[in-house]
Amino acid sequence: DGGITQSPKYLFRKEGQNVTLSCEQNLNHDAMYWYRQDPGQGLRLIYYSQIVNDFQKGDIAEGYSVSREKKESFPLTVTSAQKNPTAFYLCASSFDRVVNQPQHFGDGTRLSIL
Amino acid sequence: KQEVTQIPAALSVPEGENLVLNCSFTDSAIYNLQWFRQDPGKGLTSLLLIQSSQREQTSGRLNASLDKSSGRSTLYIAASQPGDSATYLCAIPDTGRRALTFGSGTRLQVQP
Numbered sequence: 006d007g008g009i010t011q012s013p014k015y016l017f018r019k020e021g022q023n024v025t026l027s028c029e030q031n032l033n034h035d036a037m038y039w040y041r042q043d044p045g046q047g048l049r050l051i052y053y054s055q056i057v058n059d060f061q062k063g064d065i066a067e068g069y070s071v072s073r074e075k076k077e078s079f080p081l082t083v084t085s086a087q088k089n090p091t092a093f094y095l096c097a098s099s100f101d102r103v104v105n106q107p108q109h110f111g112d113g114t115r116l117s118i119l
Numbered sequence: 178k179q180e181v182t183q184i185p186a187a188l189s190v191p192e193g194e195n196l197v198l199n200c201s202f203t204d205s206a207i208y209n210l211q212w213f214r215q216d217p218g219k220g221l222t223s224l225l226l227i228q229s230s231q232r233e234q235t236s237g238r239l240n241a242s243l244d245k246s247s248g249r250s251t252l253y254i255a256a257s258q259p260g261d262s263a264t265y266l267c268a269i270p271d272t273g274r275r276a277l278t279f280g281s282g283t284r285l286q287v288q289p
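Chains as they are written, first to last, in the numbering used here: chain A, 6 to 119; chain B, 178 to 289.
Derived by calculation from the structure, the hints in this document are not laboratory data. Keep in mind that a hint or two might mislead.
[Stated by the list, open to error] Below, a list of computed lysine to aspartate or glutamate pairs in the DMTMM-like style, where the Cα atoms sit at most 25 Å apart:
hint: 1; chain 1: B; residue 1: K178; chain 2: A; residue 2: D59
hint: 2; chain 1: B; residue 1: K219; chain 2: A; residue 2: D59
hint: 3; chain 1: A; residue 1: K62; chain 2: B; residue 2: D216
hint: 4; chain 1: B; residue 1: K178; chain 2: A; residue 2: D64
hint: 5; chain 1: A; residue 1: K14; chain 2: B; residue 2: D216
hint: 6; chain 1: B; residue 1: K178; chain 2: A; residue 2: E67
hint: 7; chain 1: B; residue 1: K178; chain 2: B; residue 2: D261
hint: 8; chain 1: B; residue 1: K219; chain 2: A; residue 2: D112
Everything numeric in this text was worked out from a predicted model, so none of it was measured.
Could you put the whole structure together from the sequences, leaning on the hints where they help?
Rendered as structure tokens:
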């Protein structure tokens, strides 16, 4: 089955620690996205990538980093510089060259501070 | 910058009612509008994508309408069921980045 796999489902971060969230897709999508969701709020864009080896900052990129070495994979690192990392993180993908195609989402990773 | 608003934030209805969820946006120059469903602790499931050239899109008991000139979309759910209980989000793609701008959602509870 085609889809987006995020892991782990739950993640705990200690003070000063960097943690990495995994996102893998087998939909052959060009574009991939990371969103952050806080309780009772919509999603906000952290980073996005429209092609391998290229990525751009979204609206709330500070304290986060990404890489896009393979088309299928777009890992997100939450660095120690992100002072309020507790949130639900969602990865998405879509065909970039086709406008009216929906974005598909993974099941999310819930990150908490220890 | 596009802003997306959803009202009400929460809605509770008895089973069997027809209901309407609202989504408004500030910039009418959109490619499309997408409606999602989110169950607690889960990711987003795409329900309907309505293109800017369309007025309506239907899937089963769901019907989404789009009025670009007034900056509004509605999601109509017919004969609601307890299994429809979830948060419903609308979103519009940024014309440059293709990333989505989301409303904050409507949390729906259908009482059996």
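Against the structure, the hints come out as follows:
The hinted pair formed by B/K178 and A/D59 meets the criterion: a straight-line CA distance of about 24 Å does not exceed 25 Å. Taking the CA atoms of B/K219 and A/D59, the gap is about 28 Å. The hint is violated against a cut of 25 Å. For the hint linking A/K62 to B/D216, the alpha-carbon distance of about 28 Å lies beyond 25 Å, and the restraint is violated. A C-alpha spacing of about 12 Å is found between B/K178 and A/D64, which places the hinted pair at or below 25 Å, so the restraint holds.
Proposed proximity of A/K14 and B/D216 is supported: the alpha carbons are some 15 Å apart, at most 25 Å. Of the pairs offered as hints, the one joining B/K178 and A/E67 holds, with about 20 Å between alpha carbons and a cut-off of 25 Å not exceeded. Between the alpha carbons of B/K178 and B/D261 the distance comes to roughly 32 Å, so the proposed pair goes past 25 Å and is violated. Of the supplied pair hints, the one linking B/K219 and A/D112 holds, its CA atoms being roughly 5 Å apart against a limit of 25 Å.
Comparing the model with each numbered hint stated earlier shows that hints 2, 3, 7 do not hold.
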